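Generate the whole structure from the sequences, applying the supplied hints.
Protein chains: 2
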Amino acid sequence: MAQLNMTVGDIDGNVDKMLDVLARCEDERADVVLFPELSVTGYPPEDLLLKPGFIADNIKALNKVVRRTTSCTAIIGFTDRGLYNCACIARDGKRVGVYRKRHLPNNAVFDEARYFKEGRGGHKLWDIAGVQCGVSVCEDAWHAVDGPIARQGALGAELILNINASPYYAGRWREREEVVRARALEAGAPVVYVNQVGGQDELVFDGNSMVMGADGTLLARLPQFEEALVFVDVSLDGSGAVTPETMAPICDPDEEVYRALVTGVRDYVRKNGFTDVVIALSGGIDSSLVAAIAVDALGAEHVHGISMPSRYSSEHSKSDAAVLAEKLGIDYRTIPIEPAHAAFVEMLAPSFGERPPNITDENLQSRIRGVVNMAFTNEKGWLTLTTGNKSEMAVGYYTLYGDSAGAYGVIKDVFKTEVWRLSRFVNAKAGREIIPEAVITKPPSAELRPDQKDEDSLPPYEVLDPILEAYVEQDRTRDELLEVFDPDLVNRIVRLVDLAEHKRRQSPPGTRVSPKAFGKDRRMPITNGYRR
Amino acid sequence: MAQLNMTVGDIDGNVDKMLDVLARCEDERADVVLFPELSVTGYPPEDLLLKPGFIADNIKALNKVVRRTTSCTAIIGFTDRGLYNCACIARDGKRVGVYRKRHLPNNAVFDEARYFKEGRGGHKLWDIAGVQCGVSVCEDAWHAVDGPIARQGALGAELILNINASPYYAGRWREREEVVRARALEAGAPVVYVNQVGGQDELVFDGNSMVMGADGTLLARLPQFEEALVFVDVSLDGSGAVTPETMAPICDPDEEVYRALVTGVRDYVRKNGFTDVVIALSGGIDSSLVAAIAVDALGAEHVHGISMPSRYSSEHSKSDAAVLAEKLGIDYRTIPIEPAHAAFVEMLAPSFGERPPNITDENLQSRIRGVVNMAFTNEKGWLTLTTGNKSEMAVGYYTLYGDSAGAYGVIKDVFKTEVWRLSRFVNAKAGREIIPEAVITKPPSAELRPDQKDEDSLPPYEVLDPILEAYVEQDRTRDELLEVFDPDLVNRIVRLVDLAEHKRRQSPPGTRVSPKAFGKDRRMPITNGYRR
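Going down the list, the sequences are from chains A and B.
Just so you know, the working numbering puts 412 at position 188 of the first sequence, and the rest follows in order with no gaps.
Just so you know, the working numbering puts 619 at position 395 of the second sequence, and the rest follows in order with no gaps.
Think of the hints as simulated: they come from the structure by calculation, not from any bench.
Note that the coordinates shown come from a computational prediction; the quantities given were computed from them, not determined experimentally.
Be aware that a few hints might be false.
Identical copies carry no separate label here, and so any pair may be met within one copy or between two of them.
[What the hints assert, rightly or not] Calculated lysine-lysine pairs in the BS3-like style (CA-CA distance at most 27 Å, straight line):
no.	residue 1	residue 2
1	Lys542	Lys677
2	Lys653	Lys666
3	Lys604	Lys677
4	Lys727	Lys744
5	Lys542	Lys241
6	Lys604	Lys348
7	Lys744	Lys341
8	Lys653	Lys542
9	Lys604	Lys551
10	Lys542	Lys284
11	Lys542	Lys348
12	Lys653	Lys551
13	Lys666	Lys551
So this is what it looks like as structure tokens:
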């Protein structure tokens with residue numbers, strides 16, 4: 225079971241990984257090895273698939289892997305001409321056959337119907353080391369009763385091999401396990417399920433590969449979020465034995481989301497050729513959590529914090545940021561934004577006249593900080609990490625080109641109520657206070673005007689988040705929410721969410737940890753007259 | 225033929241438009257009226273379609289229109305439960321039937337397989353005023369030989385009614401006309417083709433509805449980019465007469481693109497509830513063209529220009545911007561950015577040390593201008609229009625959160641070589657110099673350092689644009705381009721295009737005028753190891 229972290233488009237690198245595994249398989253005298261779905265190109269290759277030259281390169285690369293196979297049968301994911309999302313079955317340097325994926329997901333974050341045609345026709349089995357095996361690809365396993373795996377079972381499959389690129393969201397492993405269990409029972413044969421691992425733009429793949437027994441008993445499980453090459457013997461005599469015992473634990477819910485976030489930022493930074501990141505540390509909980517995640521992802525020596533106090537920043541904010549940086553052991557500097565703030569006010573005064581500071585002035589401060597962050601990106605090559613959470617992203621409680629300016633939105637799919645939970649997890653994991661308790665308990669504030677609090681503009685997050693979850697993740701309408709929540713609040717929140725669509729469209733990608741994240745998962749029109 | 229400008233999501237507004245048309249149809253004693261595809265919801269409603277409440281609202285709205293039909297049969301676009309993209313055939317206050325779209329486009333800018341199921345089963349005809357009519361929806365007309373229209377012809381259709389939401393790109397009308405001609409010949413019956421009109425985020429619909437004779441003679445054509453309600457008598461005796469004569473001219477190529485751009489920005493601004501825009505006028509050709517388009521879209525009194533000279537701005541830039549503003553008759557002000565520039569340099573000096581101005585400094589200037597523009601958006605409610613062209617968007621020759629900061633990228637799908645052509649068109653159309661000749665002929669420069677010219681960093685645009693067209697629009701690979709263009713240039717340009725993906729992902733929407741625009745049309749991974 226080759227649970228690998230592929231890089232989209234890096235055909236040579238992916239091939240090298242597979243060749244290394246093939247050599248190990250030969251040493252271990254394995255009978256069969258499963259690579260993830262589209263292992264040659266990484267998943268999802270998106271519009272690279274529209275380049276005929278890319279398809280040709282992927283086939284050349286596949287052939288290179290095929291030529292290097294030995295008596296160990298390899299199940300390799302690739303794109304065949306046509307276009308089909310395929311599993312190649314190869315051994316002894318030759319193709320034994322090709323299975324074409326039949327069910328193409330085109331919902332949520334998936335666009336497979338944009339690229340691929342569906343495999344059709346009768347099923348067949350492949351003889352691998354004397355065992356009749358059914359082969360299928362990812363979504364094929366999610367179709368019940370008369371789906372590909374049940375049909376392969378009906379043909380007499382003794383073992384089902386299923387290769388995957390199944391993205392993470394919180395608790396996804398549980399659904400997967402149920403689905404694979406149902407298929408094993410239908411087919412009356414064990415299922416070997418191999419998933420890829422690692423981050424690709426918005427997506428994280430959590431691995432969690434497994435062997436499910438014919439009787440629905442989970443026989444083996446690989447770790448979450450880590451590469452793993454695991455050799456197991458699967459007994460086909462009905463005893464359900466897998467040796468050696470391979471049962472990686474499942475993370476607790478907070479740890480699981482946290483590791484997904486760490487994986488997302490680590491792979492985004494590294495796979496794009498960067499090493500270091502810069503974070504605006506406000507002394508608030510969001511930037512504190514992001515800094516902790518970045519340290520776990522990249523190492524403290526690669527994380528740089530900047531405190532950028534304005535005329536409205538409180539003393540505790542400045543000290544909280546400094547304390548956090550010290551506890552994390554990261555590079556830290558303070559750059560007061562007053563000179564730029566004063567300059568802009570002066571430049572704009574002839575146009576805006578005499579008036580008290582307003583929302584324009586608040587956004588100005590946030591944008592000045594964005595400019596400073598980006599100057600470090602330009603000067604030092606440190607990617608800017610943004611710190612907005614999902615609650616803020618939803619209602620637009622942030623400044624476009626200000627605090628949302630940056631390369632990667634680390635916690636953009638994490639509701640504020642979860643931010644608190646994850647912050648406590650950070651401290652519990654460390655066994656000491658990393659994120660100061662004061663930061664966790666103080667009332668959230670953007671500090672863009674005197675004595676500002678989030679709750680001046682928004683309901684408490686414990687009230688806000690359930691409304692957002694219903695409106696954004698569950699696709700309810702305003703009219704439907706009016707029956708459940710406070711009407712004034714619903715009217716206000718729904719309007720805010722709709723109006724922020726243009727801001728979200730220009731925000732950086734960030735790790736998806738929910739079943740519906742902002743990004744390719746939720747494709748709402750900006751121009752949108754729907755008000756019900 | 226009701227060639228209407230619908231607004232996505234504005235179900236009430238769209239219904240009101242249709243009811244007005246129904247009243248006119250009664251007055252005119254029309255036999256049948258065609259509304260565009262998904263006329264109840266506007267096209268494309270995107271993920272609004274995932275809300276069950278939205279589907280229910282659209283069906284209620286459809287029923288309201290159906291109840292108001294008279295003896296004139298109405299062909300109304302809506303989404304049926306299920307989900308299906310449908311045409312409802314209604315008269316005398318009742319549904320006569322429903323046709324389900326069979327071919328769902330899921331390429332380019334289309335995501336219909338994300339939402340809809342395909343209509344299946346045998347075809348039937350509808351008796352409308354004693355004439356046997358076939359009904360179909362948009363993409364159905366693009367399937368030849370055994371497609372829906374040919375089958376309806378084989379059933380004996382005397383008239384084909386096809387409702388559309390077919391987006392514009394340059395010269396698209398010609399392809400459409402050929403396709404509709406082929407269908408009319410196959411069916412042996414005239415085809416009435418009705419398209420929607422107007423802008424929706426990235427898309428512009430150009431109308432260009434038509435009647436095609438059974439012998440392939442174009443019998444009637446409605447105007448491009450304008451709403452039109454046109455009543456025609458179509459003779460079914462084979463004579464091919466359509467009365468009254470209705471043959472709107474097709475625009476010349478430059479005028480056509482220009483009107484698409486005007487439509488795109490006008491509808492984006494107005495349908496989002498705004499009236500005014502602000503544009504950073506550099507004295508260069510891009511911002512000059514954008515200002516001219518904005519004036520045609522919104523009126524000179526709604527367009528505001530700001531000149532923001534830096535320490536590196538030339539005298540001619542400042543005077544060229546002022547001359548342009550005067551010729552366009554727009555509000556104009558000058559805000560030198562030196563105070564903010566000096567402030568940032570001072571703030572960053574402790575971190576960056578003594579060094580000559582570099583790329584950080586160049587981006588700083590651009591971002592200061594972005595901050596000023598956005599201050600006007602916040603303070604006055606003027607949407608910022610960005611001025612980057614497709615050549616710059618492609619190679620990343622712009623500053624993220626700087627000149628790319630704004631609500632709408634007016635010419636983001638227009639190559640620089642086309643910018644020159646369109647600028648000359650602006651002057652020719654006006655019959656006088658609107659964009660100063662000096663602006664058109666001077667060498668392009670970002671003026672972010674002394675004596676900077678675009679050609680210091682990029683090849684001449686006449687050399688660059690064909691490489692970009694091959695790489696971006698034609699999906700060629702680097703290896704393929706190496707065989708055609710200068711290798712050093714190819715290597716440099718391809719790398720620049722790939723590296724700019726993260727910047728493009730955060731850029732505002734803008735009008736698509738090519739067969740492949742940046743935006744939902746080209747979905748490339750940011751993390752992308754493909755180098756061939």
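Hints and how they fare:
no.: 1; hint: Lys542 x Lys677; result: within (17 Å within a copy, 43 Å between copies)
no.: 2; hint: Lys653 x Lys666; result: within (21 Å within a copy, 62 Å between copies)
no.: 3; hint: Lys604 x Lys677; result: between (34 Å within a copy, 25 Å between copies)
no.: 4; hint: Lys727 x Lys744; result: both (15 Å within a copy, 16 Å between copies)
no.: 5; hint: Lys542 x Lys241; result: neither (46 Å within a copy, 57 Å between copies)
no.: 6; hint: Lys604 x Lys348; result: neither (56 Å within a copy, 67 Å between copies)
no.: 7; hint: Lys744 x Lys341; result: both (21 Å within a copy, 21 Å between copies)
no.: 8; hint: Lys653 x Lys542; result: within (25 Å within a copy, 59 Å between copies)
no.: 9; hint: Lys604 x Lys551; result: within (24 Å within a copy, 44 Å between copies)
no.: 10; hint: Lys542 x Lys284; result: neither (56 Å within a copy, 56 Å between copies)
no.: 11; hint: Lys542 x Lys348; result: neither (66 Å within a copy, 73 Å between copies)
no.: 12; hint: Lys653 x Lys551; result: within (14 Å within a copy, 66 Å between copies)
no.: 13; hint: Lys666 x Lys551; result: within (19 Å within a copy, 56 Å between copies)
Of the numbered hints given earlier, the model fails hints 5, 6, 10, 11; all others are met.
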